[in-house]
Amino acid sequence: RKEVEQDPGPFNVPEGATVAFNCTYSNSASQSFFWYRQDCRKEPKLLMSVYSSGNEDGRFTAQLNRASQYISLLIRDSKLSDSATYLCAVGYENNDMRFGAGTRLTVKP
Amino acid sequence: DTEVTQTPKHLVMGMTNKKSLKCEQHMGHRAMYWYKQKAKKPPELMFVYSYEKLSINESVPSRFSPECPNSSLLNLHLHALQPEDSALYLCASRLGPNQPQHFGDGTRLSIL
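Chains as they are written, first to last, in this note's numbering: chain A, 1134 to 1242; chain B, 32 to 143.
In isolation and in its complexed conformation, chain B is listed as follows (with noise of 0.2 Å):
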């Protein structure tokens, strides 16, 4: 079981679709993550959230929208999504800067 609980778990989007991915902790973690992780390849990073700030944006397309509305929780906003972003998304939290990442187990995500 992961203390950090990721929903949905699997997502099917048109294109011209809007969805959103959830992510929440409840360990007092106060900076939260957002990978994407295509298969074989290691999570390659999108967002992070510092004290529900956002520290650092990976040059992510616009069509990808965090917001993280409290401590606990982080969203991911989706729109018109290509093809190319189908992959599996996830979310991370940690309690500072010399701990370690604790990961959600994801939400597959698959673009039609």
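With the rest of the complex left out, here is chain A (with noise of 0.2 Å):
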């Protein structure tokens, strides 16, 4: 079983749509846990962190659930700037991370 799992996807929605992401972790070691966001033949960045509380920036919303050993990212009114792969990443105490596999998500006039 991989330590990371996430959606599939493709997820292909609408202008305006909301999509949600999950990703689930099999170590409960894990420490911090992030959203990246890579476009074609880029590098990842940075979309947000993830935190025990839940976090909004915008249009966006990551929660974490540390019992169930769950993240989520919810993306309100997609964008067509919002097509790209975002991908789960979860950390650890001596600095090991790992990421999901990654979900494609295509945003349609």
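FYI, nobody ran anything at the bench for these hints, they're computed from the structure.
One should not assume that every hint holds.
Said to hold, decoys possible - Lysine-lysine pairs mimicking BS3-like chemistry, simulated, CA-CA at most 27 Å apart:
1) K50(B) - K1175(A)
2) K1212(A) - K84(B)
3) K50(B) - K67(B)
4) K50(B) - K84(B)
Can you join these two chains into the complex? Each is in its own frame, and there are hints to help.
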């Protein structure tokens, strides 16, 4: 079983839609959680860190459920520019960091 | 613009060549990483340096040899690579265990 499992996708949604991605992690020693966005042939860029209390940045909301060992990302009012691959990442005390497989999102007009 | 600088951006090499990838950051980050990424796959962890010491080696073949000369620099020495090693090689750095990684824009490596 992979350490970090992520919705396979792809997700094809119309502009204005709300879309949610989930990741589950297997190691309860996981300490830090992040969502990254990666555009085609570019490096991953941090979208947001994920905190236990949940956090929001504009149209993006991230949540962490430690009991069930999953993190989620909600995108409201999708824009064409949101089209990308979204990667969840899980970090550990020893500086290890693992990525989920990534979910490709395409927002269509 | 990225705060983690990788050179070169593209590299084509034969299977008998020796080359090095370089990564530099001046953010005071004490953890530095090498990842390998194939098309349509997530970044795959290769090595982690913490405080200039190799802390994680994900059973990477010895034809890849990392080096951390100081807290700002990370190298990846390449020798006798195989065609399947063609990929995007990403460097990342991080201030500490609860902080996000910052990525360089990668070196696109092709092995002939």
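Against the structure, the hints:
With a C-alpha separation of about 23 Å, the suggested pairing of K50(B) with K1175(A) holds against the 27 Å cut-off. Among the hinted pairs, K1212(A) with K84(B) is inconsistent with the structure: their alpha-carbon atoms are about 43 Å apart, more than 27 Å. Using a Cα cut-off of 27 Å, the hinted pair K50(B) and K67(B) holds, with the two alpha carbons roughly 16 Å apart. Taking the CA atoms of K50(B) and K84(B), the gap is about 22 Å. The hint holds against a cut of 27 Å.
Hint 2 alone, counting from the list given before, is not met by this structure.
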